[in-house]
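Following the hints, position chain S against chain U.
There are 2 protein chains.
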Amino acid sequence: MQILFYHPDFDSSLWVRSLEQAIPGATVRIWKPGDNATADFALVWHPPREMLAGRDNLKAVIALGAGVDSVLNQLKQDPDFIPAHVPLYRLEDAGMGKQMQEFAVSQVLRWFRRFDDYQDLQREGRWEPLEEYQTSEFTVGILGAGVLSKCVAESLLPWSFPVRTWSRQVKDWPGVHSFAGKASLSDFLSETRVLINLLPHTPQTEGMIDQQLLACLPQGAFLLNLGRGAHVVEDDLLAAMESGQITRATLDVVREEPLPASNPLWRHPHVTITPHIAASTRLEDAVIYLAKLMNALEQGEIPPGQVDKVRGY
Amino acid sequence: MQILFYHPDFDSSLWVRSLEQAIPGATVRIWKPGDNATADFALVWHPPREMLAGRDNLKAVIALGAGVDSVLNQLKQDPDFIPAHVPLYRLEDAGMGKQMQEFAVSQVLRWFRRFDDYQDLQREGRWEPLEEYQTSEFTVGILGAGVLSKCVAESLLPWSFPVRTWSRQVKDWPGVHSFAGKASLSDFLSETRVLINLLPHTPQTEGMIDQQLLACLPQGAFLLNLGRGAHVVEDDLLAAMESGQITRATLDVVREEPLPASNPLWRHPHVTITPHIAASTRLEDAVIYLAKLMNALEQGEIPPGQVDKVRGY
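Residue numbers (the numbering used here), protein chains in the order written: chain U, 105 to 417; chain S, 105 to 417.
Take the hints with a grain of salt, since some may be wrong.
The list makes no distinction among identical chains, and a pair is therefore deemed to hold if it is satisfied within one copy or across any two copies.
Okay, derived cross-link-like pairs now, EDC-like style, lysine to aspartate or glutamate, Cα gap no bigger than 20 Å in a straight line [claimed, not checked]:
| # | residue 1 | residue 2 |
| --- | --- | --- |
| 1 | K202 | E258 |
| 2 | K202 | E236 |
| 3 | K202 | E235 |
| 4 | K275 | E258 |
| 5 | K202 | E241 |
| 6 | K254 | D276 |
| 7 | K163 | E402 |
| 8 | K413 | D173 |
| 9 | K254 | D160 |
| 10 | K413 | E124 |
It is worth saying that the hints were derived from the structure and are not from the lab.
Extracted from the complex, chain U is given alone in its bound form (with noise of 0.2 Å):
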């Protein structure tokens, strides 16, 4: 099995290692412009165009993360940037759903225990115990509902949080209320008291999380969003918060990032900014599912996560 590993960031040379000790009989290389030579796998994050154009000989090519928007979005631009009938895997979870519960879960019960609250108190050197939120008011929604959401919504219900999703398809989870398509999505919104956007990012869902959608929230809800900064109109949601429609939001994603200095989302005293660092990539979890991965597509299966390119996800 060979393999072309590039990714901008990561150690590299790290990765090949665990790959070869992970998969026996495998050769993975690192690419470097120039390479033509044969191989079975791609597996990339900001792949330059020279890399997977015209290798048609590939089995898949394979990203690094969970969101492609931007292998799709050149691809939009560059029909070739991946030869057509090549399959696009992504990685659907590889340790992100686990790192997306911490983030979650902390996030949720920061808001219901009101630690914000307490801290404004403390502040102003304030002893002086606040009415407790039922867990019963405490709706969360989730926008989308793919892998990491799954794994989002299975760490809030043993905290007894009534937790719905909202997706283009209905989904069948123990314990979760899914709602399913535009026409259902202020319904979804109406009772959710804490939104988490894991939706993808497509042309779509591309500013869905504006004025229009902000309001339909229930008056003083919350916003975290773990999914991409383009989904959210960043002005509306500023707004929204100025009026008190949206009370705290944590982004662990900006419209533009590094998000720049100037941006006021930065000195909000409500918005908490994290530099996109919710769930990354982790090496050893990563290599056991992309062995598994490539392993069982040499065998011909159709494994889960497949990028459908045309829907976006």
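Just chain S now, kept in the frame of chain U:
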């Protein structure tokens, strides 16, 4: 069944109604000065002396909370405060376990995912992913191994944090490393990255979290106090934070409550103060617990939750 009720802060009429609904045949009355009429049980919080002294016919005094240090302190000064043969019970859980889990998990994840460090970076407008901590090196050590400690331990295990407890006697809890006795304390502390205090307040545990104990933790440890303020020598904690031995602390309880405005803990940038709200006695859960407890006592059983008046918990 005749029940006396006394709580200086609760809406007593609401409790009386709920208890009478939950226990068919029970008569519950709010104790008032001069009421010397017969009673089977006394449900109390900070009771006045004349309420319990001389009530030889009580089947039990039940404290409406988990920590009974205030009752025992009065008893120590005044051996007749509760008749010697009347057993004292406390609410071991009654909904407090889940609240402690919410509090502990949110704090441990907050530190594990470095949200405070990211908040510091946000203040400077810096977009800078930080090195991730590994769960394997994020050992949580719980001082105390009662019902609430067990709840907290169980809520941390699913996240893969190594969990250990320290108590008088060895515990056999699945997945938890139990340390017991004074001689093992420094071993327990030596690998505890996050120290959670859930000890009962007794003369033996008073001021136990001092310079010497904190020095046994690995450098840069975190402290979460969910027990009593009197467990911590606050000057020693501040000194340990000054030196970097303790990196961040969350204190739900402090030596003097409410914390005086002049206390430097309010203003320490790495200290979080919450006003003793980690776990409160909630009516619905408590009523179910109390009904079960009193019915068991009526039938001559010895249910869990009895306080050893000498040992102190």
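Checked hints:
1. K202 with E258: Answer is both; intra-copy 11 Å and inter-copy 17 Å each pass.
2. K202 with E236: Answer is between; shortest inter-copy Cα gap is 14 Å, intra-copy 28 Å.
3. K202 with E235: For K202 and E235, only the inter-copy Cα distance (17 Å) is at most 20 Å; the intra-copy one is 31 Å.
4. K275 with E258: This pair counts as within: shortest intra-copy Cα distance 13 Å, inter-copy 30 Å.
5. K202 with E241: Intra 26 Å, inter 17 Å, cutoff 20 Å: inter-copy only.
6. K254 with D276: Answer is within; shortest intra-copy Cα gap is 11 Å, inter-copy 33 Å.
7. K163 with E402: Within. Shortest intra-copy distance 8 Å satisfies the 20 Å Cα cut-off; inter-copy 73 Å does not.
8. K413 with D173: within (10 Å within a copy, 65 Å between copies)
9. K254 with D160: Neither. Shortest intra-copy (35 Å) and inter-copy (58 Å) distances fail the 20 Å Cα cut-off.
10. K413 with E124: The answer is neither: 29 Å in one copy and 64 Å across copies each exceed 20 Å.
Checked against the numbered hints above, the structure breaks hints 9 and 10 and satisfies the rest.
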